[in-house]
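K.L.:
Take a look at the letters that make up each chain.
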Amino acid sequence: MQLYKLTIHEAAQLLRQGEISAAELTQAMFDRIAAVDNQVRAYLTLTPELALEQARQADERLVAWRRAGASDTLPTLLGIPLAIKDIICVGGVPTTCGSKFLENFVPPYHATVIERLVERGAVILGKTNTDEFAMGSSTENSAFFTTHNPWDLTRVPGGSSGGSAAAVAAGEALGALGSDTGGSVRQPASLCGIAGMKPTYGRISRYGLVAFASSLDQIGPFGKDVTDCALLLEAIAGHDRRDSNTIDAPVPDYVTGLKKGIRGLRLGIPREFFVEGMQAQVETAVREAIATLVGLGMEAREVSLPHTQYGVPTYYLIAPAEASANLARYDGVRYGYSYPDAQDMWDGYRKSRAYGFGDEVKRRIMLGTYALSAGYYDAYYLKAQKVRTLIKRDFDRAFEDVDVIVAPTSPSTAFKIGEKADDPLQMYLSDVLTLTLNLAGLGGLSIPCGFADNLPVGLQIIGRPLAEEMVLRVGYAYEQVTDWHLRRPPI
Amino acid sequence: MRLTREEVEHIAELARLGLTEEEKERFGSQLSAILEYFQVLQRLDTESVPPTTAAVPLDNVMFDDQVEPSAAREDILLNAPDPADGFFRVRAVLE
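Heads up: the sequence lines are chains A and R, in that order. Take the position in the first sequence, starting the count at 1, then add 7; the result is the number in my numbering. Take the position in the second sequence, starting the count at 1, then add 22; the result is the number in my numbering.
Extracted from the complex, chain A is given alone in its bound form (with noise of 0.2 Å):
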């Protein structure tokens, strides 16, 4: 049996049974990450050590749960190998953010998040690759190396998220997060013919997750199904003091809530979301999906959000100029990258943050300190704080009519690396169906609905504010009537 192809149920199911062991698990993924990951480059930084001291101690735990008669709830991401997007804190572990500024940089703590899959005893097998400080929708944009979709390895794995994607895909971890500004988890997820998720606003705290865009930023789990999502999604969900945008809401039983039946829930079909330019293919797979799901008992409707043509400049003012805060701590003082032969303390800052940072980041930090400077503050900054507005609402009221809205995540499948790397605009347009979310505050999950030339097609599903339960249950419905999500990549 080849382990690493089980999902994270399956693999919970073995290991409690006594017909794998923790360790072993860990093992053999660090073979399937030697067997493939030169070709897919999805790992920045692999951590054995901690990963197979987890593991033993996750059988300790499990052996004494045996003896002790088998009966208690044991977490189920116990012993369960999993790969983390190098923009979020591992403590002890570099955490680069795909950045030279960042090359060297360790963590003396943990993550909200990390500390809550540890407590668990999930077992931590590397980071994962990002476009650096999660700007960008391919993964190209890493100062190191880019990673391969490992469906076709001349094409990205989308991104920022690319690395985690192509892990879970290519079966390097069983699991994996992932982070989500303008759709660094949906897209990617799409692209690579898994399941991936972005939680309402405030869900997952933040603290811990390198800052992009305060506004924006959602950590994200990715699974080869909806199952795993939702087993992901309920470890690391939940107020968090250190956060204080976190939503101090109960976490539902996630999983428990997939089984619930979609019968009688209204389907709301976004019509400027088949955008012009979209891939007839992709199209055509998502509209088939969407049939399927008015066949397992969901009604249908059109529903219109017409500012969604108004998402990219909007997004690429907000995010970037929220950017441009959040990166100005990058001064080469207290970590990072430092340009040891500075002049004085003002060249000391300007060639470190030169030298430091790669092109889409100046480039988005220019952009965003332009749109908040002196004179051009109103007419840029402020005009998208008001199209946002204009954007949400536009969900609310779609939302009095209909359940949740179910659309493609991309306008296409995963293009050939280099193809978009030298036009930065075209790159931004690739994010038009998942921004808008993130600016609305919604959450919204990808699974893979079908192939276009060989190639993995994503279906969003998008719900309400904290709506994670019901958005998790359709993609479920959806999965028991397919088999998208069954297929693997040939390598």
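These are computed hints drawn from the structure, not numbers from a lab. Among the hints, a few may not be true.
As the list claims (entries may be wrong) - Here are the simulated lysine-lysine pairs, DSSO-like style, with alpha carbons at most 27 Å apart:
1. A:LYS107 to A:LYS423
2. A:LYS107 to R:LYS46
3. R:LYS46 to A:LYS427
4. A:LYS427 to A:LYS12
5. A:LYS393 to A:LYS107
What the hints assert, rightly or not - Anything over 10 Å on all C-beta distances counts as not near chain R; from chain A, calculated:
6. LYS12
7. ALA42
8. VAL70
9. TRP72
10. VAL125
11. GLU290
12. ARG357
13. THR396
14. ASP410
15. LEU449
16. PRO496
Since this is a predicted model, take the numbers as computed values, not measurements. Ideal Cβ placement from N, Cα and C applies to all residues, glycine included.
Following the hints, complete the assembly by docking chain R onto the known chain A.
P.N.:
Showing chain R alone in chain A's frame:
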């Protein structure tokens, strides 16, 4: 909507980014194209629309002002480029 060289230099200085001449040219050109495209927002009448600063409405989240341990000094200095006697050594701020 073409950014002038002075504008590019001004923005770079506000952001403390040391740009090469080539970068000033290239970024200036790319940013001009991007900002030109963003003019589309001006089409919308937002006169009576309030800005959204946070998508989820949370007000005045507070906690009690109690002293708690934060982080150990050695841990904080672990990544310091130039630590000295338990401080971050910096270049002169004032002449």
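K.L.:
Each hint should be assessed against the structure and marked as holding or not.
P.N.:
Results for each hint:
1. A:LYS107 to A:LYS423: holds, 25 Å
2. A:LYS107 to R:LYS46: holds, 21 Å
3. R:LYS46 to A:LYS427: Between R:LYS46 and A:LYS427 the Cα gap is close to 21 Å, so the pair holds against 27 Å.
4. A:LYS427 to A:LYS12: Outside the cut-off at roughly 32 Å; violated.
5. A:LYS393 to A:LYS107: violated, 35 Å
6. LYS12: holds, 38 Å
7. ALA42: Given a closest Cβ separation of 34 Å, the condition holds.
8. VAL70: Since the minimum Cβ distance to chain R is about 34 Å, A:VAL70 lies beyond 10 Å and the statement holds.
9. TRP72: holds, 33 Å
10. VAL125: A:VAL125 is indeed farther than 10 Å from all Cβ atoms of chain R, at 18 Å.
11. GLU290: holds, 24 Å
12. ARG357: violated, 3 Å
13. THR396: Non-interface label on A:THR396 violated, nearest chain R Cβ at 4 Å vs cutoff 10 Å.
14. ASP410: holds, 20 Å
15. LEU449: Incorrect as stated: the minimum Cβ-Cβ distance to chain R is 8 Å, not above 10 Å.
16. PRO496: holds, 34 Å
Against the hints set out earlier in the document, violations occur for numbers 4, 5, 12, 13 and 15.
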